[in-house]
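**Q** This is what each chain is made of:
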Amino acid sequence: MSLVLDTVALSLGGHALFAPLSLTIAPGEIATVMGPSGVGKSTLLDAIAGHLAPAFTMSGRVTLDGRELRALPAEARRIGLVFQDPVLFPHLSVGDNLAFGLSRRVTGRAARRAAVDAALEQAGLAGFYHRDPASLSGGQRSRAALMRSLLADPSALLLDEPFSKLDTGLRDEIRAFTFAHLRERAIPALMVTHDPADAAAAGGAAISLEVPGRG
Amino acid sequence: MSAARDGRALRGAVLAVLGIGVIGPIIAGLALTARAAFGLLPAIGSTEAGLAPWAQLLALPGIATSVKVTLFTGLGSTALSLTLALAIAAGLRDRLARGGAARLLTPLLAVPHAALAIGLAFVLAPSGWIARVLAPLLGLVRPPDIALVGDPWGVALLLGLTIKETPFLLLMILSALTQIPLRQQLAAGQSLGYGRAAVWLKIIVPQLWPLIRLPVMVVLAYGLSTVDMGLILGPSTPPVLAVALTRLFFSPDTAALLPASAGALAQVALVLAAFGLVLATERAIRGLGLAWIRRGGRGRGIALAARIVAAGGRALLALGLLAMLALVVWSLAWRWPWPAALPQSWSLKAWTGAGPGLGRALAASLWLAVATTSLSLALAIAWLEGEDRARLGRAGWAQGLIYLPLLVPQIAFLYGLNVLFLRLGLSGGYAAVIWAQSLFVFPYVMIALSDPWRALDPRLSRAAASLGAGPWRRLFTVKLPVLLMPILTAAAIGVAVSVAQYLPTLFIGAGRIATLTTEAVTLSSASDRRVTGVYASLQAGLPLAGYGAALMIPALVHRNRRGLKGARS
Amino acid sequence: MRLSTLAGLFAALIASPTVANDWQDTLDAARGQTVYWNAWGGDARTNAFIAWVGAQTEALYGVSVRQVKLTDTAEAVTRVISEKAAGRDADGSVDMIWINGPNFLAMKEHGLLHGPFVGNLPNARFLDLAPGSANTVDFTVPVDGMECPWRLAKFVFSYDTARVDAPPATMADFVPWAAAHPGRMTHPDPSNFIGATFLKQALVELAPDPAVLLEPATDATFEETTAPLWAWYDALKPNLWRGGAAYPENESVQQQLMNDGEVDIAMYFDPAATAAAITQGLLPETARVFVPEGGTIGNVSFVAIPYNAAHKAGAQVVANFLIDPATQAHMQNIEVLGSFSVLAPDKLDAEARAAFDALPTAPALPRLEDLGPTRLEPHPSWMTRLTDAWSARYTR
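Line by line, the protein sequences are chains A, B and C.
Here the first sequence is numbered in my numbering, starting from 1 and rising by one per residue.
Here the second sequence is numbered in my numbering, starting from 1 and rising by one per residue.
Here the third sequence is numbered in my numbering, starting from 1 and rising by one per residue.
Among the hints, erroneous ones may be present.
[Said to hold, decoys possible] If you anchor each label on the Cβ, the simulated ranges turn out as follows:
id	chain 1	residue 1	chain 2	residue 2	range
1	C	Gly87	B	Gly289	49 to 59 Å
2	B	Ile23	C	Gly132	34 to 44 Å
3	C	Pro131	B	Ala269	33 to 43 Å
4	C	Glu335	B	Val141	30 to 40 Å
Since the hints were derived computationally from the structure, they do not count as laboratory data.
C-beta atoms are modelled at their ideal positions from N, C-alpha and C, and glycine is treated no differently.
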């Protein structure tokens, strides 16, 4: 039940972005990737999630629960994404955003509604089902986006500088909220961040990507 | 990856449809025209190849003047509309103002060229509306004998084209601006001490140009080959080239088809030469402009110039709206002789007397508009979605193919196209007309839809994929709903283009399919402004209703979704 | 001997088919057909008349009529040519064309017409088809039964009595009149039929020997015959509207100019046009018709059937209906169309003649006797050369 990167390397036009990377992330572990701007941190997440732009080439293997991911389209990988901005669908209500994420395995109208309501309550958003996502505060949006990802029952979660746009007070709160849910559900997670405090709070493996040849 | 294969297949399918349905017929049409241009048209007994048609064309009285006036009006109106559109866009402060401006423009976008020209001719003529208002002040008993419309240089035509094309270019600019972080760049430029207009000229316009180059070319090609506007507003002896050629194509002397075909090829050459000129100008300006930017002048002086140009542009657009109002007033008038500023007697006869023909024409226009717009939208969405799935960007060559029908003068291939359709046994039916109209509707739908589509936040689609949504679910439940507004705007433009089609409907429909536009043009040869007013009002009304729907439907569906307000094209 | 008699009989059979039986066949074949009548659509009253014809033939013969409205008759000619170019020799899209003059000549020369068919129409007995009569030549070109007459046309001018005291009395008189009223007179562009007719009207009056106009023009006769015309026009042009630098596209645009007060004179190929325009509110109540002394050019409007028409039987039924005395009387009614009938009065019975006599009149509708004699149309080659020469001389 873990996310395994085996000598993963990315290159653009024949130039490697960083030295080959091997890493095993255990269930409930939150690994962090740090490194200078432009080293390819976000591209690495793209590659794992299945959104790699065609200009890049990838080598190495990525496995999740023993499944090789490279041949699978993004939607079949069961890897959740959390962005810098909480990307809620602007045309759907808050509740419908969560319902969009909710796994198909939960069937029946009432059961699905109950699952969404429970998730809203966990996110401190009870009674917000019909709200316009644009009317939420920053913190509420972040929690809704995370809940939506978790409702999809992902086997792993990728976080791309998830807290960098939040102000300091809110950052600690959302970070704690996120990590608690990940640990509770035993989901392996990989987080890209610039903030050493994020890495410290995550407590998992911490990787620093370097440009090859420059030490 | 299968999604990429999917995407390539989707795009390939659209390309195949384009190749068979668009490129093939145009090339076949051009080929037939080219054969006739060199003397080969067996139907009228001309089987000997030679240069005689070209000699006849060159011997046409006033042909040199025709070409001169064509170039002056085509290039002049394009340059003027681009300048005005840029100045107006630069003057709009925020997204809200831009949305409002787009709404104000819709009547001018919706009205067909011919209808606008007729209204404008009445407003500007020496016996026209403006002159009638001024007559008592100036003591005019009879209209002054001055060529205000149909002047030898084509200034009236140039103004008419400018009024019609400025809103289109403005809409294209506003749409392209969604791809440029305008606010940040303006702030950055202004913090360096540059005036707002200077930032626009030095920073925004260079980024904008590649995004609007194609629409500008479309406007240029149209301006150089317009028939209906040229006929109504342009000079008559000699007329602009396209009008002269139309006269030849429809001359009782069938042998005139040969020099007419040669002229059609010359028209293509003229358009190509003008494109070359635009590209050369672009190069020259790039060099000079860079030097100008490096000099670092803060350019506060150009702010005033920009404001004056924008004011001029707004005045011209107001003139256009006045022309449309004139048509509506005429449709309700009975007697309205010189020098009355308002009709002497009013009547609904023009509306009620039109009879079942009007209803049939309305129904035909509506049905053609719905069919061609749906077809074009489906193709456009398939193309853009194919691009997304294959992770391919804009392909220049593919764009060239898509916009080909707008860049090649209609007159150069419609005659040949008609012969081709006849050979295939397709002419004269609705299917053939839908096809022919779609040649012109599809590119406009693509122009309107591709920028907002490509500006869509890619993370929406990724977030949906990470939640397990496959490509079709992402398309139907995320992309299309979020893009509802631009899709409906594109549809409204499609409806407007379909309703306005004259030559394709006439040629390919064998004249049997009477639409609002074919009826309006036929009746305008009767010059009854009241009847023309009725048809022109409906001609403009139908697309206007389309634009109204494009604004209303998203507002209703997304009434509680602040994140989508102003997320329009 | 017997053989030649037989052959003669056979030839007679072909030449004058037993009308009654054949016509019943035509009626049977026509039932259920829709005739696409290609006709200039610029006149609302004509369009309404065509719609009325369709309603009648539908009720009487089961033949419906759809007007394909043209901005120029040559559009239909071009359409038939492109169909021929595409090898569509049957089932064409044009069933019937309102046609005459150069367009007729072009179609006849290229073998694009069906017929002769006029002789087969039962109502042809009301027409004067004696050789040389107006119904048998179209712009001096023999009709040969390839087109059927349906309305009379005669060139007339119109002026506003409220603004003009005395209109020009002759074509030559236009020069001093225009000099006295600069900018108040123009004519449609000669690329238009009426504009060309204005030049022809002057040519007919000014030509040293009008007889040569009935023959095809040669370089020599053209030069000699048109010399006075150009002298006249050179004197007229500087005093035309816009100094002769611009011309209205067609006669309706000129009518609009007259209504707008930009010019004082309009011209038509239809004596009833002025009265019709007044009832439609398109001209002031004070507008009246005038014709130059010596009469004006007149001709006959015809309908023809293309060689590849899909509904030839239906088209013949409609053509026959058009020359029915009752139809012609309806058409001549100023409240309907006001066009003069093509039928020969002496061939009508008393009842039909009474129907014509009972038609209403209008103040601006001239009586036939006010219109003076009818001058013959020159051969079509004159019109083609005239418009070419005009644009060569005056287009810069």
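**Q** Which earlier hints turn out false for this structure, listed by number in ascending order?
**A** 2, 3
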